[in-house]
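Listed below are the residues making up each chain.
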Amino acid sequence: KAGVTQTPRYLIKTRGQQVTLSCSPISGHRSVSWYQQTPGQGLQFLFEYFSETQRNKGNFPGRFSGRQFSNSRSEMNVSTLELGDSALYLCASSLGWGLGPRNEQFFGPGTRLTVL
Amino acid sequence: EDQVTQSPEALRLQEGESSSLNCSYTVSGLRGLFWYRQDPGKGPEFLFTLYSAGEEKEKERLKATLTKKESFLHITAPKPEDSATYLCAVQAQLNAGGTSYGKLTFGQGTILTVHP
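If you read the sequences in order, they're chains H and E.
Numbering-wise, the first sequence is residues 1 to 116 according to our numbering.
Numbering-wise, the second sequence is residues 1 to 116 according to our numbering.
Isolated chain H (complex conformation):
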């Protein structure tokens, strides 16, 4: 069974540009969450989608947005990039409801974004 895939794996952008990152969850998983990982702040929750609806959002500015498609694939967008947005962006998928194995989140390899 294929794991979570993220594209692209690496990106270099300049300040002021915008970027779109993509995540394909494990087959059958309906919940997708996004996290930002930096050396100083660690892993921080960005947002969570289930059945094309945003269920929860972390404390990030409105420049960070996302969406989920009917096939559960998800994209996140960052507009007007700032130097501080340089980070590893991780996507995690889960079945999306209840307890037990359905609650387990599996991460993709991440997209390394560098803002110059």
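What the hints contain is simulated information worked out from the structure, not anything from laboratory work.
We put the CB at the ideal spot given by N, CA and C, even for glycine.
Some hints could be false.
[Stated by the list, open to error] Among chain H residues calculated to face chain E with C-beta under 10 Å, some are:
| no. | residue |
| --- | --- |
| 1 | Gly3 |
| 2 | Val4 |
| 3 | Gly28 |
| 4 | Ser31 |
| 5 | Ser33 |
| 6 | Tyr35 |
| 7 | Gln41 |
| 8 | Phe50 |
| 9 | Arg55 |
| 10 | Asn56 |
| 11 | Ser94 |
| 12 | Phe106 |
| 13 | Phe107 |
| 14 | Arg112 |
[Stated by the list, open to error] Between beta-carbon pairs, the in silico distance windows are:
| no. | chain 1 | residue 1 | chain 2 | residue 2 | range |
| --- | --- | --- | --- | --- | --- |
| 15 | E | Arg61 | H | Gly16 | 44 to 50 Å |
| 16 | H | Asn71 | E | Lys68 | 38 to 44 Å |
| 17 | H | Gly62 | E | Glu56 | 31 to 37 Å |
| 18 | E | Ser28 | H | Ser22 | 31 to 37 Å |
Given the coordinates of chain H, work out where chain E should sit on it, guided by the hints.
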């Protein structure tokens, strides 16, 4: 606000020298506590989920335990390939609307180095 504190920040062991990593947490109703392993440049790899105090889970040389305030990851006779960053995360009970399935709150991690 949910909080997770991991200790120590870094741990150096000799091959075969058993030890434990600590994860202390405060959460408004624990739905699950997760342990992940992360290698440099990769996404976190799922290890365990624990749901209630007293629960224990094992996988090869790793054993995770849970109390009402903390979790321990015991590493028995570690090998150099166990070197990685170990992350602990908590997931809170569903909110009043019952719509938040995901959101993991992570600790800063423990960097484990096992020398041959």
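Do the hints match the structure? See the list:
1. Gly3: This interface hint holds because 9 Å falls under the 10 Å limit.
2. Val4: holds (8 Å)
3. Gly28: violated (15 Å)
4. Ser31: holds (5 Å)
5. Ser33: holds (4 Å)
6. Tyr35: holds (8 Å)
7. Gln41: holds (9 Å)
8. Phe50: holds (6 Å)
9. Arg55: holds (5 Å)
10. Asn56: holds (4 Å)
11. Ser94: holds (7 Å)
12. Phe106: Hint on H/Phe106: holds, closest Cβ of chain E at ~6 Å, below 10 Å.
13. Phe107: holds (4 Å)
14. Arg112: holds (8 Å)
15. E/Arg61 / H/Gly16: 44 to 50 Å: holds (48 Å)
16. H/Asn71 / E/Lys68: 38 to 44 Å: holds (40 Å)
17. H/Gly62 / E/Glu56: 31 to 37 Å: violated (43 Å)
18. E/Ser28 / H/Ser22: 31 to 37 Å: holds (33 Å)
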